[in-house]
Amino acid sequence: MTDPVSTEDAITKVTMPKWGLSMKSGKITAWFVAEGDEVAEGDDLADIDTDKITGALESAGAGLVRRIIAETNEDVPVGGTIALIAPADVPEELIDEAARAAREELDSGAVDEVAGPVLGTVQVDGRTLSYATLGAAEETVLLVHGYGGDKNSWLFVQEPLSARATVHAIDLPGHGDSTKDVGDGSLDTLAGALLGFLEQQGIERVHLVGHSLGGAVVTAAAAREPGRIASLTLVAPAGYGDTINADYLRGFASASSRRELKPHLLHLFADSGQVTRQLADDLMKFKRLDGVQQALDRLLGTLLDGDRPGIDAAALLQKFAGPVTVVWGRADQVLPAANATALGGRAQVTYVDHAGHMVHMEQPSAVVDAVTGALDG
Amino acid sequence: MARTISYREAVNEALRQEMERDPSVIVMGEDNAGGAGSPGEDDAWGGVLGVTKGLYEQFPGRVLDTPISESAFVGAAVGAATRGLRPVAELMFIDFMGVCFDQIFNQAAKFRYMFGGKAVTPVVVRTMYGAGLNAAAQHSQCLYPVFTHIPGLKVVLPSSPYEAKGLLIQAIRDNDPVIFCEHKALYDMTGEVPEDSYTIPFGEANVVRDGDDVTIVALGRMVSVAEEAAAELARQGVQAEIIDPRTTSPLDSDTILESVENTGRLVVVDEATPRCSMATDISALVAQEAFGALRAPIEMVTAPHTPVPFAQTLEQLYIPDAQKVANAVKKTMDWKK
Amino acid sequence: MTPTQPAQAAQATSGLDEKALLEAYRTMRTIREFEERLHLEFATGEIPGFVHLYAGEEASATAVCAHLDERDSIASTHRGHGHCIAKGVDVKEMMAEIYGRVTGSCRGKGGSMHIADLSKGMLGANGIVGGGPPLICGTALAAKQQGTGGVGVAFFGDGASNQGTTLEALNLASVWNLPAIFVAENNGYAEATAATWSVACDNIADRAAGFGMPGVIVDGFDFFAVYEAAGEAIERAREGGGPTLIEVKFTRYYGHFEGDQQTYRADEVARARASLDCLKQFRERVTASGRLDAAALDGIDGEVAGLIEAAVTEAKQAPTPTADDLTTDVYVTY
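Protein chains in written order, with full-length UniProt numbering: chain A, 1 to 377; chain B, 1 to 337; chain C, 1 to 334.
Source of the hints: derived by calculation from the structure; they are not laboratory data. These figures come from a predicted structure and were not determined experimentally. It is possible that part of the hints are untrue.
To be verified - Simulated restraints on C-beta separations:
id, chain 1, residue 1, chain 2, residue 2, range
1, A, Gln200, B, Glu192, 26 to 34 Å
2, B, Glu228, A, Asp107, 51 to 59 Å
3, B, Met1, A, Gly202, 21 to 29 Å
Where is the CB? At the ideal position from N, CA and C, for every residue including glycine.
Generate the whole structure from the sequences, applying the supplied hints.
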């Protein structure tokens, strides 16, 4: 998202991010900053609309917004410079020169292709597991999505973290591009898939990040092989506390059209504007794949015991002694933030305003901060 | 994992994956392999436009060339469907329904009802329709309304590669006779299609574009024409909602009505001739069920009531285009009592 | 009277054992009784629609279907009651169907022209002349693909022999070398038009040569002649030898449909009933050869009469379909 200008290190180019594998360009639908504004790391700079999703671009650094290069509603290729941030003492001439070059680059369309995540697959227990990797730093982070999600749900998190770590996002069995057969659908099977992935990749030490069902899965993996796990970051994890929105889960599983699905998706976000037609479309495309319905039904049996949670991750967590960080959206309507009390004094809990269940999509910086904290130890 | 492939490849992939999954699926039609009995290649054509290419080699004995004898082989597909096979017969051009229609509408379509709910006839007739290739009056028609008229048939009009694959797999797995209409001018259209098998349920319209000003219901190839018009209209400040019914039988009337309840305006875009057509059918539906919501008379953009002409100049005039769609939309926007 | 030698007797009755002979007689008698009774009942005005009676033609359906089992399927015509009975469709359900009752083979939604039982391989009587032969190419293809050894038999009339669908089916069956048998039941008339006028060649079977398959002509009043010709064709088909066209010649005892005044006809029905009738011939043959005694046949006559009587009584008492049935079963899934 940001890189120093080679000729003048002090000028930071804000570029169009690559959110997901298929993203080729994005449109700035609104600027939240103007030229001359002071910004801090994590501040929202602009809303960006891709063909898949709308998200807020956060500043990766601090400084003064010296130039806005891309206009509102302009379609900008991934990697294209959309703004320049620099300290006040960088001379105007240098800024002008950089702005002119950036504008010419956009106008000519000659923007260098930005390397996105690298896709790969591994075979674990007869299943193909798909994953996407970004970054090449020494430490390793593995991102594990929730029920009905996939590796692309981390798109706002994986990129910022990639500067600090080799960041893998995996598709659990039954999800994304992984084999749809989930076997017995138990937490153990899913945790086995994760540990199998680590084994196949030769990863001896990893920071696990899990959202929702993924939070329970990473807990189970940590309970089985605590020595391999450097830290746990749990984002609105399942398996803690005694409240779960069973109606949402069943509704999500049984919806057979976008029209049926969309009302259920509203439970995922604090901001209903996040529930775009594209999001519902993409989920329906996933749900129509052969084997997905069976997988979702089977996993529903794992998640629920009647109307109550079917997983007790808190008990599993006792087998893991390493650091645990928890991030929870205050407006979570699927697994309420009050569930966090089940973690007792075991974890550092951050409650996030303006975030529902999909914290990592609505307020990604909160999750990035938590994982960065874990990496910092 | 989705990747970009053509409409032709999407149809071929659907057939291939279903043949792999289910040994009772067979494919038959004129030159579906091509070269039967000739001294040269056995898989010479793979259908007249290459849609079934490669299946013959992969599935020995399950891709059958036929004589040019539509009544016999379409009837054979229907008969075989009553005895445990899931045949996919290719009626090369929809115009050729004239030489096999009895087997479709008096036989396949009627069995379920006429035999008291005891018949299951899982046959698919794949067929090419539509103008645009200068194929003239007997190779260019949009005859899907004729099939839609017949109870007992399901009629499918995929508008994109994604729709083509998912709807064809659904058609093959469906236990009713399905007429699967492929627009010949869409075969080279490309789009994102998942590699895995998937099904798109029948009777579920796709809202291709959201908008609050006018509802455009477009069929088959006309979906992309409507999208082109909507993009231009958006520049002029008019937000059109585009609905692709995907199947004309069953028809997702709820999605159409809900949209018109919101927009108050309807334009139906259909490449078929206008009388007794999907355009009139959908217009009648809305007039009957959403009359109170209408803020302007319904507009239909269709071919003229003529055979499809040959000359390029005439064929271009014949096929509804984005300009005609935009004009119709503006007419509904400007209408005053 | 000198009893016939056993070997000769067996030859005279095509090698069929006693049980098979009784079964064949029962089938033919059932068809006759069913049709004669319908002739009477239709005249009372209680039966809706059209009925086309098979009386006089019983030997064809019975002798052909005697070779068939559950692997095999048949397609029939608008004159289909005989084919249904011979392929094992329940007689009481058939009668109820003809009366338009919910207990009928098709829940009262098909009627006389559409009686079917797919579970028995009976693809339906067919209101479309020439509708069946293409379907039989399909059932034969299914049997071939599945390797069941099954065959498909298309019964059709002299009228259908002029339909493109029939001729296309003959060609396709030969091109694909299908286990299909085409039985042309030439009863002399397509509706009111004589086959001698509407069929441009001397015999329908002559057309077989044009499709590269054997063509056979048999006397349709002679059960054993039909039985042997069908047996040879079906055996060949089961063994991969391809299709056969069998022309069965006879006359129908009633008009095209009930109510037909038949002013186009001469006195062939009276002559046929008196001297050619398939049931009479069969009875004479099996009793003269000593294979069966008349009492056994009389016993069947009585049982069949009782069955048909019960079928009519029950049909008349059965409930009719209601508004709830009007829109159901158009599709398997909606």
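Is it true that B/Met1 and A/Gly202 lie within 21 to 29 Å of each other by Cβ? Given a distance of about 24 Å, which is inside 21 to 29 Å, the answer is holds.
May I ask you to test the hint 26 to 34 Å on the CB atoms belonging to A/Gln200 and B/Glu192? holds (29 Å)
Does 51 to 59 Å hold as the CB distance between B/Glu228 and A/Asp107, or does it fail? violated (25 Å)
In summary, the structure is inconsistent with hint 2 from the numbered list given earlier, while agreeing with all the others.
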